[in-house]
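Trainee: Each chain, written out:
2 protein chains.
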Amino acid sequence: MTKASICTIGDEILIGQIVDTNSSRISRALGDRGIQTVRMVSLPDDRQQIISLLSKELTDSDIVVCTGGLGPTKDDITKDALAELSGSRGYVKSEEQEVIIREFLHARGLDVLPANLQQAMVPDSCKVILNRRGTAPVMAFHFPAERFGHPAALYSLPGVPFEAEAALPDVLEDICAHFPTTDICHRTLMTYGLAESALSALIAPWEDALPSDMHLAYLPNPTTGVRLRLSIYGGKAAEQEKRIEEQIELLKPYLGDNLYALSDTTLEAVIGDLLRGSGKTLSTAESCTGGMIAHLLTTISGSSEYFLGSVVSYAPSVKCKVLGVNPATIESKGIVSSDVAAAMAEGVRRVTGSTYSVATTGWADTYGDEREPAGTVWVGVSGPSGTVTKRFCYHNDRKRNIERFAASALDLLRRYIERDCRSGRQ
Amino acid sequence: MTKASICTIGDEILIGQIVDTNSSRISRALGDRGIQTVRMVSLPDDRQQIISLLSKELTDSDIVVCTGGLGPTKDDITKDALAELSGSRGYVKSEEQEVIIREFLHARGLDVLPANLQQAMVPDSCKVILNRRGTAPVMAFHFPAERFGHPAALYSLPGVPFEAEAALPDVLEDICAHFPTTDICHRTLMTYGLAESALSALIAPWEDALPSDMHLAYLPNPTTGVRLRLSIYGGKAAEQEKRIEEQIELLKPYLGDNLYALSDTTLEAVIGDLLRGSGKTLSTAESCTGGMIAHLLTTISGSSEYFLGSVVSYAPSVKCKVLGVNPATIESKGIVSSDVAAAMAEGVRRVTGSTYSVATTGWADTYGDEREPAGTVWVGVSGPSGTVTKRFCYHNDRKRNIERFAASALDLLRRYIERDCRSGRQ
Numbered sequence: 001m002t003k004a005s006i007c008t009i010g011d012e013i014l015i016g017q018i019v020d021t022n023s024s025r026i027s028r029a030l031g032d033r034g035i036q037t038v039r040m041v042s043l044p045d046d047r048q049q050i051i052s053l054l055s056k057e058l059t060d061s062d063i064v065v066c067t068g069g070l071g072p073t074k075d076d077i078t079k080d081a082l083a084e085l086s087g088s089r090g091y092v093k094s095e096e097q098e099v100i101i102r103e104f105l106h107a108r109g110l111d112v113l114p115a116n117l118q119q120a121m122v123p124d125s126c127k128v129i130l131n132r133r134g135t136a137p138v139m140a141f142h143f144p145a146e147r148f149g150h151p152a153a154l155y156s157l158p159g160v161p162f163e164a165e166a167a168l169p170d171v172l173e174d175i176c177a178h179f180p181t182t183d184i185c186h187r188t189l190m191t192y193g194l195a196e197s198a199l200s201a202l203i204a205p206w207e208d209a210l211p212s213d214m215h216l217a218y219l220p221n222p223t224t225g226v227r228l229r230l231s232i233y234g235g236k237a238a239e240q241e242k243r244i245e246e247q248i249e250l251l252k253p254y255l256g257d258n259l260y261a262l263s264d265t266t267l268e269a270v271i272g273d274l275l276r277g278s279g280k281t282l283s284t285a286e287s288c289t290g291g292m293i294a295h296l297l298t299t300i301s302g303s304s305e306y307f308l309g310s311v312v313s314y315a316p317s318v319k320c321k322v323l324g325v326n327p328a329t330i331e332s333k334g335i336v337s338s339d340v341a342a343a344m345a346e347g348v349r350r351v352t353g354s355t356y357s358v359a360t361t362g363w364a365d366t367y368g369d370e371r372e373p374a375g376t377v378w379v380g381v382s383g384p385s386g387t388v389t390k391r392f393c394y395h396n397d398r399k400r401n402i403e404r405f406a407a408s409a410l411d412l413l414r415r416y417i418e419r420d421c422r423s424g425r426q
Numbered sequence: 001m002t003k004a005s006i007c008t009i010g011d012e013i014l015i016g017q018i019v020d021t022n023s024s025r026i027s028r029a030l031g032d033r034g035i036q037t038v039r040m041v042s043l044p045d046d047r048q049q050i051i052s053l054l055s056k057e058l059t060d061s062d063i064v065v066c067t068g069g070l071g072p073t074k075d076d077i078t079k080d081a082l083a084e085l086s087g088s089r090g091y092v093k094s095e096e097q098e099v100i101i102r103e104f105l106h107a108r109g110l111d112v113l114p115a116n117l118q119q120a121m122v123p124d125s126c127k128v129i130l131n132r133r134g135t136a137p138v139m140a141f142h143f144p145a146e147r148f149g150h151p152a153a154l155y156s157l158p159g160v161p162f163e164a165e166a167a168l169p170d171v172l173e174d175i176c177a178h179f180p181t182t183d184i185c186h187r188t189l190m191t192y193g194l195a196e197s198a199l200s201a202l203i204a205p206w207e208d209a210l211p212s213d214m215h216l217a218y219l220p221n222p223t224t225g226v227r228l229r230l231s232i233y234g235g236k237a238a239e240q241e242k243r244i245e246e247q248i249e250l251l252k253p254y255l256g257d258n259l260y261a262l263s264d265t266t267l268e269a270v271i272g273d274l275l276r277g278s279g280k281t282l283s284t285a286e287s288c289t290g291g292m293i294a295h296l297l298t299t300i301s302g303s304s305e306y307f308l309g310s311v312v313s314y315a316p317s318v319k320c321k322v323l324g325v326n327p328a329t330i331e332s333k334g335i336v337s338s339d340v341a342a343a344m345a346e347g348v349r350r351v352t353g354s355t356y357s358v359a360t361t362g363w364a365d366t367y368g369d370e371r372e373p374a375g376t377v378w379v380g381v382s383g384p385s386g387t388v389t390k391r392f393c394y395h396n397d398r399k400r401n402i403e404r405f406a407a408s409a410l411d412l413l414r415r416y417i418e419r420d421c422r423s424g425r426q
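Line by line, the protein sequences are chains A and B.
Under this note's numbering, read the first sequence as residues 1 to 426, first letter to last.
Under this note's numbering, read the second sequence as residues 1 to 426, first letter to last.
Just so you know, these hints were derived from the structure itself, not from any lab.
The beta-carbon is built from N, C-alpha and C at its ideal position, and this holds for glycine as well.
There's no promise every hint is true.
Claimed, not checked - Beyond 12 Å from chain A on every Cβ pair, some chain B residues (computed): (1) Arg25; (2) Arg133; (3) Gly334.
As the list claims (entries may be wrong) - Listed below are the simulated DSBU-like cross-link pairs for lysine-lysine, each with C-alpha atoms no more than 35 Å apart in a straight line: (4) A:Lys321 x B:Lys390; (5) A:Lys3 x B:Lys236; (6) A:Lys74 x B:Lys321; (7) A:Lys390 x B:Lys399; (8) A:Lys74 x B:Lys242; (9) B:Lys56 x A:Lys280; (10) B:Lys127 x A:Lys74; (11) B:Lys56 x A:Lys3; (12) B:Lys399 x A:Lys399; (13) A:Lys390 x B:Lys3; (14) B:Lys3 x A:Lys399; (15) A:Lys399 x B:Lys333; (16) B:Lys242 x B:Lys3; (17) A:Lys74 x B:Lys3; (18) B:Lys3 x A:Lys56; (19) A:Lys56 x B:Lys56; (20) A:Lys321 x B:Lys399; (21) B:Lys333 x A:Lys93; (22) A:Lys321 x B:Lys321; (23) B:Lys280 x A:Lys321; (24) A:Lys74 x B:Lys390; (25) A:Lys93 x A:Lys280; (26) A:Lys252 x B:Lys56; (27) A:Lys399 x B:Lys127; (28) A:Lys236 x B:Lys127; (29) B:Lys333 x A:Lys321; (30) A:Lys399 x B:Lys280; (31) A:Lys74 x B:Lys333; (32) B:Lys399 x A:Lys3; (33) A:Lys74 x B:Lys280; (34) A:Lys333 x B:Lys321; (35) B:Lys93 x A:Lys399; (36) B:Lys321 x A:Lys280.
Extracted from the complex, chain A is given alone in its bound form (with noise of 0.2 Å):
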């Protein structure tokens, strides 16, 4: 099986001023190539660790992806670093890159400077793979097999995410024309509402049954619950997810209701994909999640169809003014209740004229009052069949809060929409 390391260059990421997503996609995009990714490294803006680290990694692994240090500033010493350890012997212009720095500058309004112009250059013993989204080129280095003991290639991508990720098609098609490949199937399952050690309980059964070359993984998550992720190295692709298939259609039964998609998605792509083409449409009135849902709503492309809008009632005069919540039930029930909770999506409902809505109410942070402890939060969904309300009830911590807070919210509404849609059906 061909393996990859991928390594991380930059101060930044050492230091912990910035999270490193690149190498989460990067081995997401090896893995579905078959190429699987045995390391991942980050080290620091240093020209010598940089060339004998990279060394160590083109010999343990047949493939090096590394991110970062090529941006126009004097603290990125990549592009150096990379020409020594190639052996070359001088720079080049990608004259193609060049244009794409100068339409980029361009397109922004901004000068070209002799930094951006720079970037161009690349060491002569690389191959240029071309940066649309950014300034720097991705190099693509091929070193023979009597250099590391096998044929090897190392790919140098620009840090920025975002440009990383558009250029990783031509860095994948590069390495498939060099490297053979392996058939690796994973297989992922969305669930949510049963706590990792809950579930496993619940699945031991299926799960001491599973054939020992299949590999089971819990993933928990407090915004999409737990993943549960079966995988078989090896084998014929085909034969291997009929084999996988099987053992899904033996899960299924002990899930139930907890178990939200077959593959590996979101709450709100679920939700998007039952609403989408129902000509059913949605809103929110959130206090606690101050915005959140909607905000995880709208993240899925086309939600315009179905998602209409939602009212951030974080003041008590705005659930009242806006969402006309009776300013006596507050007080009668308290802000975190499920009567507030019933009355502000039923409020959201009429303002917006949606199908369905869900509403918050909760303490995302250190306080609670009389009533109900930090941490807890009331959800109400409503719709043509009724509103229903839940409380879940949480930690102490206010970011974690929110996001559980808006999960759970989301999930509740889930399961109303595919209770509504299965009635319909009947």
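Could you slot chain B onto chain A? The hints should help.
Mentor: Just chain B now, kept in the frame of chain A:
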């Protein structure tokens, strides 16, 4: 200088299904104590690879902090690997962690399963540091100098970021009790409004005159703008901080209004600082940003003091009905226009009664209309000194555009409020 390696254990990282955020948080915490992170490595759930790679890192670094692979499920094998690496002769129960496990599950209404209790069992070669937010305890292993050529320590933390973060202070206390520390001075300045290359050209005279032991890094980010980080390793902290301060004073005139903070922060936090205690309030009206501005504003603890709410008017009907935008304005000027952004900003101020408001209307997606191309947003800011609007134009990527639109809107709002504060003082 004490050196650290940070290791992440888990197939889910290597196949790219989740992004590692722990390493970043841990390296920041180590850096604050003058411990330099020299490498970050991610490795698979494979016993032999865990043992050999951690041994190598313990040879190269004084401290290894690893996360992950401690879950209650069968795919997690870090604990067994560490038992072997450390020469453990068996497992012992941490009575204190077992109490936490029972309390933790009880509080969430979950059953105590054998797999949960198994997490309180640790190798007899380790010292337990309690995990108060989850079930798997932190394990600290101290190795004598003869094992790796120098005194070394390995800390194994749970992979769930929320749990790892909570355990960090106790881990750092143990580290500081066993290893020397060095002063590292970092200062971060936040800028918004200039691209990395333009910023670099602007401050070149200052950067070229920096003392040779001061290191400047540019960290561009779509939601916070370009961070500038100035660092000095070694020397006396108080003296180095004074030298950095002097350089910052020299830099300020170059940056002008583009500089929005003298420490690592966000636009939404700076806006919170401007409004907190002022008695002034804020609301948002969001179309293309879909609630993201409200979400960012409400991630700030205490934002309920000044943030009243938002109307996410995704559908034109909500813009007219709730915000009072004149349908004739939408018809004559276009839905993405200066006039509609201004009317939305003024409308949400009227609805919520806030002092300030910010509004967005734009094309986040791949399509625009005959008036404005995809990637365009009009931002409106309204307040006591009138309404201003500004047009921003970005690329063709939905999620990134939503982020950039939200950041551009927050920055226009920040400049407006700052001007208001300055003129109020005069």
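Trainee: Go through the numbered hints given earlier and state which of them the structure violates, listing their numbers in rising order.
Mentor: 1, 2, 5, 6, 9, 10, 13, 15, 21, 25, 26, 28, 31 and 33
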